[in-house]
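J.: Here are the chains, one letter per residue:
Protein chains: 2
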Amino acid sequence: MDYVSELKKCLIFSGLNQEDVLEIAKTAKFKTYPKKTIIFSEGDPAIGFYVLISGMVKIYKLSPDSREQILHIINPHNTFAEASIFIGNTYPAFAETIIDSTVAFFEKNSFLKTLERNPKLSLNLIISLSIMLKRVIDLVDNLSLKSVETRLAEFLLSEAAIRGEKKEDFIEIKLNITKTEIAKKIGTVIETLSRTLKKFKAAGIIDTEKNKIYIYNIKALQEIKEQKSFKIH
Amino acid sequence: MDYVSELKKCLIFSGLNQEDVLEIAKTAKFKTYPKKTIIFSEGDPAIGFYVLISGMVKIYKLSPDSREQILHIINPHNTFAEASIFIGNTYPAFAETIIDSTVAFFEKNSFLKTLERNPKLSLNLIISLSIMLKRVIDLVDNLSLKSVETRLAEFLLSEAAIRGEKKEDFIEIKLNITKTEIAKKIGTVIETLSRTLKKFKAAGIIDTEKNKIYIYNIKALQEIKEQKSFKIH
DNA sequence: CGCCACATTGAAGGCAGTCAAAGGTGGTGG
DNA sequence: CCACCACCTTTGACTGCCTTCAATGTGGCG
Chain X
0 MDYVSELKKC LIFSGLNQED VLEIAKTAKF KTYPKKTIIF SEGDPAIGFY
50 VLISGMVKIY KLSPDSREQI LHIINPHNTF AEASIFIGNT YPAFAETIID
100 STVAFFEKNS FLKTLERNPK LSLNLIISLS IMLKRVIDLV DNLSLKSVET
150 RLAEFLLSEA AIRGEKKEDF IEIKLNITKT EIAKKIGTVI ETLSRTLKKF
200 KAAGIIDTEK NKIYIYNIKA LQEIKEQKSF KIH
Chain A
0 MDYVSELKKC LIFSGLNQED VLEIAKTAKF KTYPKKTIIF SEGDPAIGFY
50 VLISGMVKIY KLSPDSREQI LHIINPHNTF AEASIFIGNT YPAFAETIID
100 STVAFFEKNS FLKTLERNPK LSLNLIISLS IMLKRVIDLV DNLSLKSVET
150 RLAEFLLSEA AIRGEKKEDF IEIKLNITKT EIAKKIGTVI ETLSRTLKKF
200 KAAGIIDTEK NKIYIYNIKA LQEIKEQKSF KIH
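Residue numbers (numbering that gives the first Met the number 0), protein chains in the order written: chain X, 0 to 232; chain A, 0 to 232.
Worth flagging that the hints you see were computed from the coordinates, not collected in a lab. Watch out, some of these pointers could steer you wrong.
To be verified - Calculated pairs, DSS-like style, for lysine-lysine (alpha carbon to alpha carbon, straight line, at most 30 Å):
id, chain 1, residue 1, chain 2, residue 2
1, A, K145, X, K197
2, A, K112, A, K30
3, A, K35, X, K7
4, A, K35, A, K218
5, A, K60, X, K112
6, X, K30, X, K7
7, A, K60, X, K198
8, A, K112, X, K107
9, X, K8, A, K112
10, A, K145, A, K119
11, A, K7, X, K107
12, A, K145, X, K145
13, X, K133, A, K107
14, X, K119, A, K34
15, X, K133, A, K178
16, A, K60, X, K60
17, A, K209, X, K119
18, X, K8, X, K119
19, A, K8, X, K107
20, X, K119, A, K28
21, X, K7, A, K112
22, A, K209, A, K34
23, X, K35, X, K8
24, A, K133, X, K7
Work out the full structure: start from the sequences and follow the hints.
T.: Structure follows, in C-alpha cells:
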C-alpha cells in the first residue's frame with residue numbers, strides 16, 4: 000500500500016505540500032494489528048498518536064465492573080489519541096481494533112517539532128480537536144438527557160446518512176459492526192438494544208435481517224430523535 | 000479593572016509577549032452581565048469566543064423537557080466557546096452567568112487572523128482544547144458508567160483538592176454554587192443529590208451546614224470513587 | 001457436525017427521576 | 001426590625017426505564 004498517499008487523505012495533513020507530507024511520513028511507524036487487539040490501554044504512557052490507515056478502531060472507557068462505553072469509532076484517514084500527547088502522561092481510554100487494521104504511529108516529541116515548523120498543521124489539529132470535542136459533547140447530551148430509544152433513533156439516522164443506500168421506498172444500512180458494539184456506542188447493553196429494535200419493528204419503522212437494517216419511516220425516527228412522544232402500546 | 004493584565008493571566012495567552020497581548024486586547028470587546036443572564040443559546044450563530052475575566056459561567060445542554068446537564072463551570076481566566084468558531088456555524092450549548100460576570104469577547108474572523116500570525120497562540124489553543132476534551136470524556140465516563148454516589152464522591156474529592164481548607168481532622172469546602180447547580184453538574188437532580196448527601200452523612204463520611212461541606216473521611220470517598228462496594232443498611 | 005460468539009426473549013429488581021408538600025434561608029421593602 | 005416572598009432544599013411516595021440474570025435461539029466456521 001502507498002502509505003504516503005493514504006496519509007495525504009487525512010484531515011490532519013490536508014493542505015500540506017507534497018514535501019512536508021513526505022517529511023512527516025518518514026517520522027511515522029506503520030503497524031498492522033489483527034482484529035480485537037488492544038493498541039493501548041487506559042493509563043498507558045502517552046508516547047504518541049495514531050492515524051488509522053485501514054481497518055476500524057474503537058476508543059472506549061471501562062467501568063470497574065467491565066461495562067464498556069465507546070467514545071469513538073475511528074474509520075480510515077482519521078486520527079486518534081492526538082489530544083493525549085498535549086495533556087497528562089497517560090492515555091485516558093482504551094484503543095482496540097474491531098477488524099484487522101493498519102495504523103501510522105507518530106512519536107510525541109518528534110511530532111511536536113514538526114508542529115512547530117508547520118502552522119497549517121496546527122490549524123488542522125485545532126479543527127480536528129474541535130470536531131472531536133463537539134462529538135463528545137453530543138455524547139454527553141445523549142447519555143445524560145436522552146432515552147435509549149432516542150439514542151438509537153439518532154444512531155440509525157446518522158448511519159443512514161453516512162452509509163445508507165437509498166432503495167425504492169426504504170433505506171438499507173449494512174452494519175459493519177456487531178449489535179453488541181452498537182449497544183456500547185449508544186451507551187446501553189445488547190439486551191436493551193434488541194428490545195428497542197423490536198419496538199421499532201413493531202411500529203413498522205424499520206426491519207432487520209442479519210447484519211442489515213431497513214428504514215421504512217425515516218420521519219418517525221426524526222420525531223423520536225426530537226422526542227415528540229413515541230409510544231407503542 | 001486592568002483588562003490587559005487580566006488577559007495575560009489566561010492560559011490561552013500565556014507565553015505571549017507584551018505587545019502581542021496588547022494587540023490582541025485591542026480586538027476584544029469587554030462586556031458585563033448580571034447573574035443568570037444567558038450569554039448565548041444553543042443554536043445561536045457562533046460569532047466568536049469568550050474569555051471570562053471575573054464571575055462564573057456555566058456551559059450546559061438542555062433536554063427537550065428542560066432538564067439541564069452542565070458541561071463546564073468556567074472560572075476567571077478561562078476561555079469558553081473557542082471550539083465553536085472552528086466547526087459549524089452555531090454554538091452547541093448554552094452559556095449563562097451564575098453570578099455577575101465580565102467577559103472579553105473575540106470576534107471569530109479577526110481572531111483567526113491573529114492566530115495565523117501567532118504560532119504560540121495556536122499551541123495554547125491546542126492544549127486548551129485537549130484539556131477540555133479530556134474533561135468531557137471524563138464526564139461521559141461518569142455519566143455512562145458510574146452511579147450518582149460515585150459521581151458525588153468524585154465531585155467532593157475534586158472540590159476538596161481545588162478549594163478545600165484542611166482543618167484539624169476534617170476538610171472544609173465552602174460551596175460557591177448552589178446544590179441545584181451541583182446536581183446538574185454531576186448529572187442528576189436536586190432531590191437525588193440531597194438523598195445521596197444524607198447517605199454520606201449517615202455513614203459519617205461528611206457533614207453539611209448551609210453552604211459548607213465538611214469531609215471527615217476522605218479515604219471512604221476515594222473508595223466509593225473506585226466503586227469498592229459501598230452500602231448503608 | 002458441533003462449537004462459539006452473538007442475539008433474542010422473559011422475568012425480576014434497583015437506581016434514580018418525578019411529583020407533591022413542607023421546611024429553611026436570604027433578601028427586600030414597608 | 002420584622003414580615004413577606006422567592007428560591008432553594010429536604011423528605012416521602014411512587015413510577016418506570018433500564019440493567020442483570022438466565023435460558024434459549026441462531027448463524028458462521030473449522
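J.: Next step is simple, just say for each hint if it's right about the structure.
T.: Tested hints:
1. A:K145 to X:K197: holds, 28 Å
2. A:K112 to A:K30: With a Cα-Cα distance of about 22 Å, the restraint between K112 of chain A and K30 of chain A holds, given a limit of 30 Å.
3. A:K35 to X:K7: violated, 47 Å
4. A:K35 to A:K218: violated, 36 Å
5. A:K60 to X:K112: Status violated; Cα separation ~38 Å.
6. X:K30 to X:K7: Distance ~18 Å between K30 of chain X and K7 of chain X Cα, so the pair holds.
7. A:K60 to X:K198: Given pair K60 of chain A, K198 of chain X holds - Cα atoms ~28 Å apart, limit 30 Å.
8. A:K112 to X:K107: holds, 28 Å
9. X:K8 to A:K112: holds, 26 Å
10. A:K145 to A:K119: violated, 38 Å
11. A:K7 to X:K107: holds, 28 Å
12. A:K145 to X:K145: At roughly 17 Å apart (the allowed maximum being 30 Å), K145 of chain X and K145 of chain A satisfy the hint.
13. X:K133 to A:K107: Holds, because 18 Å separates the two Cα atoms, which is no more than 30 Å.
14. X:K119 to A:K34: violated, 40 Å
15. X:K133 to A:K178: holds, 27 Å
16. A:K60 to X:K60: holds, 22 Å
17. A:K209 to X:K119: violated, 52 Å
18. X:K8 to X:K119: Given that 30 Å is the threshold and the Cα spacing comes to 15 Å, the pair holds.
19. A:K8 to X:K107: Distance ~28 Å between K8 of chain A and K107 of chain X Cα, so the pair holds.
20. X:K119 to A:K28: holds, 28 Å
21. X:K7 to A:K112: holds, 26 Å
22. A:K209 to A:K34: The hint holds at about 21 Å.
23. X:K35 to X:K8: Holds - the C-alpha atoms of K8 of chain X and K35 of chain X are around 25 Å apart, at most 30 Å.
24. A:K133 to X:K7: Holds: K133 of chain A and K7 of chain X sit about 27 Å apart, inside 30 Å.
Hint check: violations occur at hints 3, 4, 5, 10, 14 and 17; the rest are consistent with the structure.
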